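For this one, chain A is given, so just place chains B, C and D with the ligands on it according to the hints.
If you want the building blocks of each chain, they are given just below.
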Amino acid sequence: MADSSTIMGLHQEEEHHPELLHHFAEAGQQRDAASLGMWVFLATEVMFFGGMFCAYLVYRHWYFGDFGAASKSIDATLGATNTAVLICSSLTVVLAVWAAQTARRALLIGMLVFTMLFGLAFLGIKSKEYYDKFEEHHVPGASFNFDHVPVPGHPGEYANPRHAEIFFSLYFVMTGLHALHMIIGLGIFTGLLVMAWKGRFTPEYHTPVEIGGLYWHFVDIVWIYLFPLLYLIDRHP
Amino acid sequence: MTGHESAKSPLKMYFAVWAALLMFTFITYKVAFIELGPFNAVVALVIATLKATLVALFFMHVWHAGERLIKVVVGGVVFFLLLLLTLTMADYLTRPWS
Amino acid sequence: MLNNFPLWPEQASTLAHRVDALYIFLLVITGTMALLVCTLVIFFAARFRHRPGVRAEQIEGSDALEITWSVIPLFIFMAIFVWGAVVYFRERTPPADSTEVYVVAKQWMWKVEHAEGQREINELHVPVGRDVKLIMTSQDVIHSFYIPAFRIKQDVLPGRYTVEWFHATKPGVYHLFCAEYCGTQHSGMVGSIVVMEPAQYEAWVSGNPSGPLSVSGEKTFAELGCSTCHRPDMQGRGPNLQGVYGKSVQLEDGRTVTADENYLRECILDPGSRRVKGYQPIMPTFQGLVTDEQINELVAYIKSLGDNQSGAKTTTRAASQLSGNAQPSGNQVQ
Amino acid sequence: MSMEIAIPQPVERENYLNKEYGALSWLLTTDHKRIALLYLVSITFFFFIGGFFALLIRLELLTPAGDLVQADTYNKLFTMHGMVMVFFFLIPSIPAVLGNFLVPMMIGAKDLAFPRINLLSWYLYIIGGALMLHCMLTGGVDTGWTFYTPFSTNFTNTKIVEAGIAIFIAGFSSILTGLNFVVTIHRMRAPGMTWSRLPLFIWAHYATSIIQLLGTPVIAITIVLVAAERALHLGIFDPKLGGDPLLFQHLFWFYSHPAVYIMILPSMGVVTEIIACFSRKRIFGYSFVAFSSIAIAVFGFLVWAHHMFVAGISVYSALVFSFLSYSVALPSAIKVFNWTATLYKGSIRYDAPMLYAFGFLGLFTIGGLTGLFLAALGIDVHVTDTYFVVAHFHYIMVGGAVMGYLGGMHFWWPKISGRLYPEGWARLAALIVFIGFNLTFFPQFILGYMGMPRRYYDYSHMPEFQVLHVLSTAGSTVLGVGYLLPMVYFLWSMRYGKPASDNPWNAAGLEWKTASPPPTFNFDEEPVVTWEAYNYEELDAPPHKQEVTVG
Ligand code: HEA
Ligand code: HEA
Ligand code: CUA
Ligand SMILES: [Cu+2]
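Heads up: the sequence lines are chains A, B, C and D, in that order. Just so we're aligned: 173 in numbering that gives the first Met the number 0 is position 174 of the first sequence, and the numbers increase by one with no gaps anywhere. Just so we're aligned: 20 in numbering that gives the first Met the number 0 is position 21 of the second sequence, and the numbers increase by one with no gaps anywhere. Just so we're aligned: 4 in numbering that gives the first Met the number 0 is position 5 of the third sequence, and the numbers increase by one with no gaps anywhere. Just so we're aligned: 315 in numbering that gives the first Met the number 0 is position 316 of the fourth sequence, and the numbers increase by one with no gaps anywhere.
Excised from the complex, chain A in its bound form:
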């Protein structure tokens, strides 16, 4: 990989890589700055979702039965499928990074495309779920209806619709913001795809792929928590 400066053949200077910004001393510094920047940004994202997890925790503690009932009304199989889809996309992302590191341009492009396809699949399944909720009048608001839904494990008892509505409020806000992050992720990956297509990445310079990947994995991790917390509260018969 040492002789890779010829691969894409943009510039030949050893000293000053074209992507090196003027205020950095050397490429390593620039890459480390970008990656630290992304990590720090992800830390703020954790706190952003953290506020919602906090609200979730409080109401789940208060209204456990109603949350169980509401959770049971969403399709856990779709949720599990989506989890699997995201995990696969995480794999393709990490392969893309590897491809960029090892100068495999075709693999890189392929993996980026796969990642985006998985991302789209995720959003597709998600919209199906939203659509079902809409049909069932489980979207908070005037037409919300959750009458006579039994509480799991408490025969003969019905969930309180107001409390179920809080569950669905949180469900939509949390998954909605997660989906928004997915959409932003797709935007980022489109950009990466274009750059990869133009052959801008080299083993020396592929920081965008790396930090884009970090972002994608983070969004995956959020979902890893959302899935059990929203879909699997009190499933057993």
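Read the hints as simulated data drawn from the structure, not as lab findings. In this text the structure is predicted, and so the values were computed from the model without any measurement. Where is the CB? At the ideal position from N, CA and C, for every residue including glycine. There may be inaccurate statements among the hints.
[To be verified] Computed list of lysine to any residue pairs in SDA-like fashion (alpha-carbon distance at most 25 angstroms, straight line): (1) C:Lys276 <-> C:Val256; (2) B:Lys11 <-> A:Thr201; (3) D:Lys239 <-> D:Gly143; (4) D:Lys239 <-> A:Phe143; (5) C:Lys110 <-> C:Asp291; (6) D:Lys344 <-> C:Gly60; (7) C:Lys246 <-> B:Leu92; (8) C:Lys105 <-> A:Arg161.
[What the hints assert, rightly or not] Simulated restraints, written as ranges between beta carbons of each label pair: (9) A:Gly186 <-> C:Asn121: 35 to 45 angstroms; (10) C:Thr284 <-> B:Phe32: 27 to 37 angstroms; (11) D:Ala64 <-> C:Ile120: 20 to 30 angstroms; (12) A:Thr80 <-> C:Met77: 26 to 36 angstroms; (13) B:Leu81 <-> C:Asn121: 42 to 52 angstroms; (14) A:His21 <-> C:Ile66: 25 to 35 angstroms.
Okay, now just chains B, C and D with the ligands, sitting in the frame of chain A:
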């Protein structure tokens, strides 16, 4: 994040992690349908945390991060998140009513 | 009142002295510290002012000093904390046999219902020398019931009860403020606390048209049909409510809770979420069917139900409260 | 593109100010120094708006009756005053102006790590600010800066959503500034600039950035939830729908308590630099001052519910939070003592920046000490939501943070503008601010303990409070004059001030080792640091006044 050149190809590791993640997803999904009382939540959260750790350590390369700094960032933010959750719940769990 | 210019409001409750004592302690401590810092700064600034030819003497620091001025403040802080906590504990624990007054806040007025049945708006009449417990809720936004002369304040929340108490020591008329911002007329949500000598108070009370709160509660209890299920024997479909107040109740989901005012309130508004062990979830919710005042009556009624099986006794008990000082403080059954 | 008329000038070195001209060269700049000036102009604008509201508040309170403005107007006045001052003035003030200007220079970098993100964060600030202005002009908000639910979600029909979005956007600006600082401080230090050689200003900004990064997202999501609740009638904070209004308060204060340290820490950093320079000394206990900044940032996250002692939280958690509140007071105490000790055996000059630093010391101490009253549960029950609290936070935020900010502006003005400000006027202004400030806010402590609730526009039921209110209003006009003065003479000095040398104070720190004003990339040669911070003994060494060379 650097210095992969000398290391052997990480592909095997990536696929292993991927398989583990899928397996864990399957387990959470199945276990949720078994009556375990309060342990349903515990199992679900433990597995989720395992999965998140796997993704962070291997896919996001925290394990191989050249620097301690990244680990500090990750550990730090988890700490502050837990602060938010526990100190808030400290109120809710000790309120006499609602 | 206009001309004298005191540094703190009147001390008209048993708590006022305690709060002021802590306040004075803090004033002395922090005054000393502030004085110390300021004197040192001024002294150093003057003593070591720039003089031509005299150079500053470099000092790296001193661990011993650092430890000293961390540890000493730490101990002072802990003393303040403990003292503050002790006062707060008193503020927050109403004596067991307080007279109870229900307060309903709404934009922008205070509605007060005495256990004896009097209703007032933006005024609260209480006798000197009695523990009074305020059980408060709001119909709309958050308000805060603040009596500076008593040094007490408590936010009043919609959807649940909050409680504060006082023991007035000095007859007089004191300010009542709403201290939590609640909209346009927040500053108009003021009133007065009238503290009277017991005899005067009795006179004021006896001018009361309606009966005690628990009696209206009994009526409401019957009107709403509660009595079809809750009967003073074991025959009803719902639990017997005699003496539930203050007891711990086993819930269906395994938890044990103490039946306080908030619990009773929740049972009426949201029976589903806390179901008593061994009963069917048949109790309908009364959310939207009862006003906050009616809930207060019901709660007062249920609280007045004694341990002993005779429901009829309540009326006389509550009535005996009217005639005052034989039982000096409120006689709600614990 | 140049619109300026070139004034015939002696040949000036090329610097960041005269390198390019024209509006676009400013609006599209990625130079951290120019962005700092963009911020300076914008926050000054908002400060005067906020101050204008404050004057109206004070005027209304001159008489007990609500006679100057309507109740609703008054409610909007203090709300907008609080929001503008907190989110659009004080939070960005020192970090975005002085921090932006100085952080790269002090560590020997050419710029911040992400110059374009830096510019983006100014634009976000401007968009947020414009929305806030629009919101004010079309009706305003009347919830208090605290947005308490369910009033804000269900009971007011003022512009909550707009104001929320404005603060949300400004919040992202704050996050991005913090992100830039953290990465810059980690990655861009010049060779030899080790952590233990960093100026304490940098440590303070590092700690500030931690809070911005970890706290701000929580208020962002909280605002999103409030807006969603208003727009879609969700029930997350609405007790009528089973929600809990206290949850809002928890989430709000989880950010807003640490946010008060966003406001004070940078000011502490400034004061540290000033005290070192004007007493010609190393800071006493460097590492204690440095780590106490970090400690404040971390402990600051542990205490938020001390704003909720009477709000209906459980007694036990009130105890916990009261206890923890004292843990954050400790590092502040350490700082105060170390500053004081630094003066000992110094060679102290009383230039204007130092006067502001003295003011800061006294007023911050009083403000902080009254924080101890509030953190004591028994006292807080009586004084919460009264003018005691108002006095407490103005002592810290105006007496502390703003004093520090003004001190810093004077201290670095020669570096920023290349001109000297008029020293006599500056000392006079410092004095006026100090006197006006105390006159305005000291009476409020007494008012508060007497029981005067805050957010009251009409106190005709308690006319006994008028005397103190009149004093306070009188003070605020003095204070206003004190704030107008610096603005006037700074502007004046930009044209008529004496040109400043590179290091007019003979101060330590890399920023003084480059030209005034500095060139675009800060240093002509990359500096290599071989000395400790605050090496005043070397600077003052009499015989061979050696120029510490750069590079
Ligand atoms: C920059 C802003 C800032 C800062 C730094 C602080 C610092 C502190 N604040 Fe303050 N505070 C606010 C801004 C700030 N505050 C605001 C805006 C509000 C009101 C919000 C609203 O409701 O609108 C508020 C409200 C507020 C409350 C809630 C009051 C209420 O509404 O009931 C409390 C309660 O604990 C509190 C406590 C403290 C404490 C303990 C500190 C400590 O950090 C102070 C530490 C400093 C010192 C202690 C001084 C130096 C120490 C010494 C000289 C040592 C020697 C002393 C001894 C040994 C005794 N503050
Ligand atoms: C950084 C924060 C900051 C700053 C700097 C200030 C500065 C001032 N504040 Fe305020 N204040 C808050 C933050 C701040 N405040 C907050 C958070 C609240 C709580 C809000 C709430 O309850 O929700 C509050 C509330 C508050 C109140 C209580 C209102 C109430 O509860 O009813 C009062 C009353 O006196 C007050 C007064 C002042 C005064 C006199 C100043 C002075 O220092 C201002 C001095 C500045 C000037 C006087 C400007 C000078 C300009 C001119 C003279 C030119 C004229 C203007 C134009 C041409 C446009 N403030
Ligand atoms: Cu009611 Cu303020
Ligand atoms: Cu605070």
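Each hint, compared with the structure:
1. C:Lys276 <-> C:Val256: holds (12 angstroms)
2. B:Lys11 <-> A:Thr201: Satisfied, since the Cα-Cα distance of roughly 23 angstroms is no more than 25 angstroms.
3. D:Lys239 <-> D:Gly143: Within the cut-off at roughly 22 angstroms; holds.
4. D:Lys239 <-> A:Phe143: Judged against 25 angstroms, a Cα distance of about 16 angstroms means the pair holds.
5. C:Lys110 <-> C:Asp291: OK: Lys110 (chain C) and Asp291 (chain C) at ~11 angstroms, within 25 angstroms.
6. D:Lys344 <-> C:Gly60: holds (13 angstroms)
7. C:Lys246 <-> B:Leu92: Holds: Lys246 (chain C) and Leu92 (chain B) sit about 20 angstroms apart, inside 25 angstroms.
8. C:Lys105 <-> A:Arg161: holds (23 angstroms)
9. A:Gly186 <-> C:Asn121: 35 to 45 angstroms: violated (58 angstroms)
10. C:Thr284 <-> B:Phe32: 27 to 37 angstroms: Holds - the Cβ-Cβ distance for Thr284 (chain C) and Phe32 (chain B), about 31 angstroms, lies within 27 to 37 angstroms.
11. D:Ala64 <-> C:Ile120: 20 to 30 angstroms: holds (22 angstroms)
12. A:Thr80 <-> C:Met77: 26 to 36 angstroms: Violated, since Thr80 (chain A) and Met77 (chain C) (Cβ atoms, about 56 angstroms apart) do not stay within the stated range.
13. B:Leu81 <-> C:Asn121: 42 to 52 angstroms: At roughly 46 angstroms between Cβ atoms, Asn121 (chain C) and Leu81 (chain B) fall inside 42 to 52 angstroms, so the hint holds.
14. A:His21 <-> C:Ile66: 25 to 35 angstroms: violated (48 angstroms)
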